[in-house]
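Engineer: Spelled out, the chains give:
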Amino acid sequence: MTWVTWRHHRGALAGVVLFLGLIALWLWRVGLQLHQAYGAAIDCHPASSTACSALLLTFETTGGILKGGFVLQPLPALIGAFIGATVLARELETGTFRYAWTQGFGRWRWALAKLALLGVAVTVVAGLFSALVSWYYGPYLTPGRLSSANSPLHHWLFDLRGVAFAAWTLAAFTMGALAGMLIGRIVPAIVATLATYTALAVTVGDFLRANYQPSRNFWSVQLIEGGGLLALSAVLIALTVVLVRRAT
Amino acid sequence: MTAATLPLGTTNGGKLRPLPWRRMAWIGWRHHRAALAGAAAFLGVLAAGLWLAGLHLHHAYAVAAACHPSSSAPCQNLIAAFQSTNVILKGGFVLQVVPALVGAFVGAPLLAREIETGTFRYAWTQGFGRGRWTLATLVLLGAAVAVMAGAFSVLASWYYQPYLAAGGTQFSSPSPLSPGLFDLRGVACAAWTLAAFAIGAFAGMLVRRIVPAIVATLAAYTGLALVAGNVLRQHYLAPKVARGSNLPDSAWITSEWWTKGGKRAFLGRPPVHLLQQLCPTSFVSGPGGRIGMRGTFSPTACLVRHGYTQWSDYQPAAHFWTFQWIEGGWLLALCLLLVAATVWLVRRRVA
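Listed in order, the protein sequences are those of chains Y and L. The working numbering applies: residue 42 is where the first sequence begins, and numbers increase by one. The working numbering applies: residue -13 is where the second sequence begins, and numbers increase by one.
Hints in this document: simulated from the structure, not taken from any laboratory.
If you anchor each label on the Cβ, the simulated ranges turn out as follows:
1) Y:R70 <-> L:W243: 21 to 27 Å
2) Y:A275 <-> L:W243: 57 to 63 Å
3) Y:Q144 <-> L:R116: 34 to 40 Å
Think about it this way: if two alpha-carbon atoms lie no more than 20 Å apart in a straight line, the pair counts; the simulated EDC-like pairs of lysine to aspartate or glutamate are:
4) L:K76 <-> Y:D247
5) L:K76 <-> Y:E101
6) L:K226 <-> L:E242
7) L:K246 <-> L:D299
8) L:K249 <-> L:D299
9) L:K76 <-> L:D235
Glycine included, each C-beta is placed from N, C-alpha and C at the ideal position.
If we strip away everything but chain L, and leave its shape as in the complex, we get (with noise of 0.2 Å):
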């Protein structure tokens, strides 16, 4: 490692200096150029494939909707072509990890690695003052990370355009707001990196160790992350009440229920004993004492005679850069928490 000192120089009148940060991106740089340049190619890498993988995608795509009349079974062959295209990326779950992953590999060794071969002696012994070091690598390494992400946040939402393109209901198109898609588009890939980052170096403070820092953070994020999608995001903005199928298109679905005269009666899916209750004749005994339904039984139709009446809270996908800023405020907020975390458990450590 390069050794680089930065005295504290005169006094300034007492204050003081404020930081030199094209210095300290020279460091930053000199430290953990292996690093940034690791994740630049693994991004780079997964860029170029899924920039081919696109091309193929968005030309199936493209035949696929330029068929008509669409319900011919030739142009059917076409539309089932296009949704068994690169069917491993479809859902988006795969290029889930590309946030923890860059995240995690560039921040939890960043400190870890200081206190286990124990060259923090020397690196927070200079005259510049520890803290504003540890401050000026996290925000320069973060900044780096972050816009990393971004850039290839811009391919994957390219990648995805044709899934998410008004194709109507033979498309299947999934909403924008859903948990496999949200976090590759617009801000939310740079900021859960950004994210992961500020998570790996503050694990790394309290691990002290490289290995475990790295497995602590990959936890920690996962756990984030589906607490994030599963739980918090449906609650970002209240959620609009549909009566009945009447959704609009590409609406993300948070939560299904069935009311009758007024009061709720059960969440989700009806129970089969309900609707053995409410339509006996629909049911016939089959081999073995085993209860089945009869060929033209609709539960739908079955409730709705009885008075149940369907309702759904969705999210429009109109909803889609309302919640990405909110969901980037939150992270951010939480990155420079764990960031000032972070700088204050360095000031503190002795060791």
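If we strip away everything but chain Y, and leave its shape as in the complex, we get (with noise of 0.2 Å):
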């Protein structure tokens, strides 16, 4: 099943590749501007001084539209939309499950390997970006002079770090595929997976995540959250390997 998945999903996992690779060369060059401009501001005497609050500025108008965090929020949703949505979408559009469930293999299990073998393709490479984009934003987070504890870019950076990023993503994923089994069309189900996973990411990052310090105790936050998105992914992929079992 591996080979099958690879050679029906190869452009599709490519192009993610593709994607998260061109981000990733523009935050590697951003990056090291403002790791330079954070070396410098910081080792700068006294800090006080009108030359020191220069090399300041330089620093805080480094990185320009990555500052907030915000550019980075969609990729988990874009990514999870357009390659899960499209897993049984295509399938059912199109009307080629006809023949790719009436193999001797059993669809059910067809189903499940395929959406195992995406999900952690998704994952691992979502993984790795999130390892960048927290080197990216280590200045702004290092405890120091020139960031606070309780910075709002704690909040803000929160599901772009640690194990948040790769958990999102399973997740979008995840939506994506049940979305399509649900809609069964294409292009609907890609808005409906963006649509519902805003709503998601909104009530988690507005209204259950304030209820903890995400400086204080980052990596039991990352770690509650991460499994809570995993349960979640499996609950989902469960329920679309159900459905496809049970569809006429």
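Please assemble the complex out of the two chains, which come individually in their own frames, going by the hints.
Structural biologist: Next up, the structure:
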């Protein structure tokens, strides 16, 4: 099934790698500038002088639209929607399920294998990407003179770091797969996935996570959130496979 | 999909009859009502959220602006509260995706779906003529999408009005020409949505598969928007030049440089090695051999003392509507070109 999954979805997987790769190159380039500006600003003494304020200003204006962390927030949704929603929706919309699901292998094993393999692939790629993102935002989050432990960045950057980014990507992927199975048409499934993901992300970000203090017990909140999303993903995959099995 | 045939009818002196726009509107609606309803629902939900956020923002602004004296601590707190309201929306960059998404998801599946599912073999062999059919569909759907985006941009303009009101430096108002806000207001939002739609239709014909066409449209749109915002827009009109820090409010600074003796010295911020050369007494050796600057040192004063002059290129806020019409104009021309190219591809393709 690994070979079959690769053959079916190599375009999609190559697209994800290319897309994240281009963004990673951009992050790398801007990140080097940012780290250099941070180093210069930190080393400048005395800290309250006009000249050091100029270096601080250089540091604060490097990065442009990456600063608040908002630009990278849609990435898990996009990956999940475009990879996950098309897996089953394409089969249903084009009618190829009549062929793919009547092989001797068993349709639910086929579906489970595909979703598991693609889910793992997407999660691994997202995990590698989030390591780069963590490196990029290091200067803003290292405790020190130029960043504060109570900075709202800890809140906004939370789901781009640690295990959260990979977990959100997996959740988006499984949401897409279920949406594809339920809706059965590609473009509506993509749209539905994006909408559902946005609703879930806003709910978790604004309501559930606000009850914690991200800067103090960062890893415990990360593991709680990651665990919750992993459990959600497992439930959604199971549900999708059950639907595939029961479809007439 | 409902089948609707439009027979060629009796010859009209050998010429084609004029396009029956009303009938094509009905057909376009029937074929694409899901896409149009989806776009309307998306914009509607977004508009509702933006309206609620906007009420909050306008209230915070009114309270902060009415507070006197503005340099006192309680008034500064209100200003800070205003500045931190709805920070996600503040620069306007988050809403930049809206024209791209609407245009890509309505435009790209338009023709790509026909080709991918094979229904073009039916739709394009009606007596009506496939070129005219495509043209009518693109024009009608494009107009619908542009109108929806235009309505949304009116709301967006209302939302960002507190930031752009002449609040003076304490409110740090951005320029109306700044990249995040420029194409959410005026005619630019509708024009960009229409451009995304036209790119989508054209990409659909080239790529011939739905999801890759959507992805290609988003990529092409992003590239075009980045080029337009960062490279093209500052050259629509010749920028004005200001000396020193003598800039009007809400001007959009496009570049800064320093000159000495009439010759250009360097761009942007002064390099540290030049400052060390000119004003060496302002630098001290720190621990570990690192060089730091003295507390009272001002790079600008040091450079001015040595005969350097600071210059800035800027576009005044008054250029906003001219720029809007210029950008709307070339985007419209691009759309017409893409629509013509799409119709040409539809007519040419035998497959």
